[in-house]
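Student: Listed below, chain by chain, are the residues.
2 protein chains.
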Amino acid sequence: MNKTEPRTLSGFMELLPNEQILFNQMKEKIENTYKKFGFLPLDTPVIELSEVLLAKAGGETEKQIYRFNKGETDLSLRFDLTVPLSKYVAKNYGNLSFPFRRYQIGKVYRGERTQKGRFREFYQCDIDVIGDGELDLINDAELPSVIYTIFKELGFDDFTIRINNRKILNGLFESLEQKEKSVEILRIIDKIEKIGKEAVIEELTKIGVSNNSINKIISFIEIKGSSDEKIEQLENLQIENETFIIGVSELKEVIKNIRLFGVPEENFKVDLTIARGLDYYTGTVYETFLNEYRELGSVCSGGRYENLAEYYTNKKLPGVGVSIGLTRLFYKLNELNIIKAEQKSVSEIMIIPMIENLEEPIKLATELRKLGINTEIYLNNKKLKAKFKYADKLKIPYVIVIGEDEINSNTIKLKDMETGEEKILPLNANEVIKGTRPLIK
Amino acid sequence: MNKTEPRTLSGFMELLPNEQILFNQMKEKIENTYKKFGFLPLDTPVIELSEVLLAKAGGETEKQIYRFNKGETDLSLRFDLTVPLSKYVAKNYGNLSFPFRRYQIGKVYRGERTQKGRFREFYQCDIDVIGDGELDLINDAELPSVIYTIFKELGFDDFTIRINNRKILNGLFESLEQKEKSVEILRIIDKIEKIGKEAVIEELTKIGVSNNSINKIISFIEIKGSSDEKIEQLENLQIENETFIIGVSELKEVIKNIRLFGVPEENFKVDLTIARGLDYYTGTVYETFLNEYRELGSVCSGGRYENLAEYYTNKKLPGVGVSIGLTRLFYKLNELNIIKAEQKSVSEIMIIPMIENLEEPIKLATELRKLGINTEIYLNNKKLKAKFKYADKLKIPYVIVIGEDEINSNTIKLKDMETGEEKILPLNANEVIKGTRPLIK
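So the sequences go chain by chain: A and B.
Note that the first sequence covers residues -10 to 430 in the working numbering.
Note that the second sequence covers residues -10 to 430 in the working numbering.
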């Protein structure tokens, strides 16, 4: 028979079991934290009507969409979890309680040019809080505490949630009479970390911003100091623009409350250069950086928006949300050896029966599972050495051997695969667990 | 602005939060059981190269595929989790330990004609055990114990795992010299539950099976009695066909071992009419029925196959596996009111702060979360009544009120939302949990 080469598409992550175990552990930590804060689960379809999914989209996004016809129907794969959320909230408005706090963890699709570390199918892990008509600013301060909890859970200490408010930037541009160029200016200053100050000045000149305005913009984004010092300097700028003034006051309030939510001083700061996208966010914006690995870019981003679902409904639905791009985060952490996929099995104990009658080994396995221990039985007829090799290759922490001698004396032989230590224990699940306790959570 | 109607495609399940909570609980129970038995996680892409995904497929399946081009590339959405597994094992053969025990829970896509209770996007929850060259028959007896554990976990008692062996049917047809018609005959007798005996006889006559052979086939599938009695009758048939003899002996061995694996007598039985698909399975086959809801059809099916990945590799990879179609199962159970989506929130406690300074409410929430309690804080500035209404609508079991009085006396007011009972407790997470213990797991 002709064989087809078993390929996986480039840009699509497919992990080996040990990597998958680690990936799933990270995903679970994120999900459990979202649940701890009372966010409700959601799971929308991967495929939507193009008309619905692309009600708003345009430009870059549209080019990347996986779009196709099935019969007469024009379909698209979701490219984020925000548009499906908008549709969902508009569609189910009458059945939801507001503020609607939801999380969704799922795969999204973008047909980007493939390159190392870029994925066309990737997990987003989103939370959003949606208000009905209004949503208090205090919610903008709670989300950083969720981000903080997650990255601590994932084992990081040195990370910073960078916070800004889009109204400050918008107000500044208004005051400089550059409002109509604000989208372009934002796009340029967003790149300052990447391309540097000189290149930013050059690009701003190119689009016709006056030297005077450029100076003001640069001195603005160069405001230095602690979060409180930055806010003080903003207040001292005496910019008589209402949007600007509201933005500064919102940022001040959010920073004050983030402290209240228990995020330590070293894990957040005001960063006036963060703009996040071009037309979506309208207030608070967040980016999160692992400080020792700045090359990863922001690992968790989001912000406040005025109106979630304006393309579907007249209801005003303001919200605030953040998203973790888990696939890329995992890929990068793994590549940089920051995380290590050492666990190769989910089994904590493997039972090797060396007798014909499997009754006792199966009974023991069932009891162990009931007590919460993942247990597999080696069921194939191989030599003892081959069975141990399997356990060794999968790094299963403990192996239990049950042979004639053990059955006759109502015992089992427990081997700690890491230390090589062997123990004879009573044939009883509780006794076995006592014998392994230190390693098994 | 023109509004787009926020529609979801028909045939695509999108649940309300309370339904989603229940769906996820079922999914978690399945996943946890798979892990308890030591199955490794896998998560393959939803999109594959059509050439790879359709290396084998044809007929009905191919028509239902979501297939499209992106640029020059011919892509398809997976229609099951078995073909991706075949590809994966062939591709990663050198990096896997055999027997390779894996689970995968994920969405698959089939563009079937939409009708009530039929889904185009649905979850499959699969486990398979793959051997390298060979795989002992004992594995066929372990899987029913996994199925048994899952349906018990899901709260069912009255279900039956029906077991057959394809070699018995194949051998029978060989002995009747109807081998070349076996696929057609199987398809017809597979329908006996649906269309009845007379219609089966009629269809068999139509395809040219002799009366004599029809009689033998019918008397065969009408063999009655307990599992052991059926096997005895099969042995007594004296059919001198090797395939048949092997099939009966395999079935006998599997039934013996299922008992050993602790599946109670009332939860499994030999059913000689079960064929499962037409050319894939080669030995043991399973179907699982909820006896009070036979109209659901089989809720967990699978079987033994000779060669998982013959389209991709020369390696012989026999395996055995089962699959639960969770989306349809959930839909039907929900429709029949067998399961009730009563939980409307993941939060176990909601804290209502009635003070300006949120420091103490936030501290308490953080402590409660650390102790494992999902806790949300009502953050928006509403009247107390509106806040309670929110907790009530979401059926959050406990509400804590912290106002001036409470802060001054270092206490909280805990309200049991089901009984209406109120308690004053110390402002301390451990004390609060003690006060709620009976309801919160």
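If you're looking for bench data, these hints aren't it; they were derived computationally from the structure.
This structure is a prediction, so every number in the text was calculated from the model and none was measured.
Hints may be right or wrong, so weigh each one.
Because identical chains cannot be distinguished in the list, a pair is counted as satisfied if it fits within a single copy or across any two copies.
To be verified - Capping the alpha-carbon separation at 20 Å, the derived lysine to any residue pairs in SDA-like fashion look like this:
#1 Lys378 <-> Asn84
#2 Lys16 <-> Ile94
#3 Lys24 <-> Asn7
#4 Lys45 <-> Thr(-7)
#5 Lys195 <-> Leu175
#6 Lys24 <-> Ile422
#7 Lys378 <-> Leu403
#8 Lys180 <-> Asp147
#9 Lys374 <-> Thr62
#10 Lys378 <-> Asn58
#11 Lys59 <-> Gly100
#12 Lys352 <-> Asn419
#13 Lys52 <-> Leu64
Student: Against each hint, give a clear statement of whether it holds in the structure.
Tutor: Verification of the hints:
1. For a Cα distance limit of 20 Å, the shortest separation of Lys378 from Asn84 across copies, 14 Å, qualifies, whereas the shortest one inside one copy, 55 Å, does not.
2. For the identical chains of this complex, Lys16 and Ile94 are neighbours both inside a copy (8 Å) and across copies (14 Å), given an alpha-carbon limit of 20 Å.
3. In this assembly of identical chains, Lys24 and Asn7 lie within 20 Å of each other by CA distance solely across copies; the values are 14 Å between and 26 Å within a copy.
4. In this assembly of identical chains, Lys45 and Thr(-7) lie within 20 Å of each other by CA distance solely across copies; the values are 10 Å between and 41 Å within a copy.
5. Only within a single protomer do Lys195 and Leu175 lie at most 20 Å apart by alpha-carbon distance; the minimum there is 14 Å, versus 75 Å between protomers.
6. Taking CA atoms no more than 20 Å apart as the test, Lys24 paired with Ile422 passes between copies only; the shortest distance there is 18 Å, against 30 Å inside one copy.
7. Proximity of Lys378 and Leu403 under a CA criterion of 20 Å is satisfied intra-copy only: 16 Å inside one chain copy versus 56 Å between copies.
8. In the homo-oligomer, the alpha carbons of Lys180 and Asp147 never lie at most 20 Å apart, since the shortest distance is 23 Å inside one protomer and 63 Å across protomers.
9. Within a single copy, Lys374 and Thr62 get their C-alpha atoms no closer than 58 Å, and across copies no closer than 47 Å, so neither meets the 20 Å cut-off.
10. For the identical chains of this complex, Lys378 and Asn58 are neighbours neither inside a copy (51 Å) nor across copies (45 Å), given an alpha-carbon limit of 20 Å.
11. In this homomeric assembly, Lys59 and Gly100 come within 20 Å of each other (Cα to Cα) both inside a single copy, at 19 Å, and across copies, at 8 Å.
12. Taking the shortest Cα distances, Lys352 and Asn419 sit within 20 Å of each other inside one copy (13 Å), while across copies they are farther apart (38 Å).
13. Taking the closest pair of Cα atoms, Lys52 and Leu64 come within 20 Å of each other both inside a single copy (14 Å) and across two copies (17 Å).
Violated hints, in rising order: 8, 9 and 10; the structure is consistent with all others.
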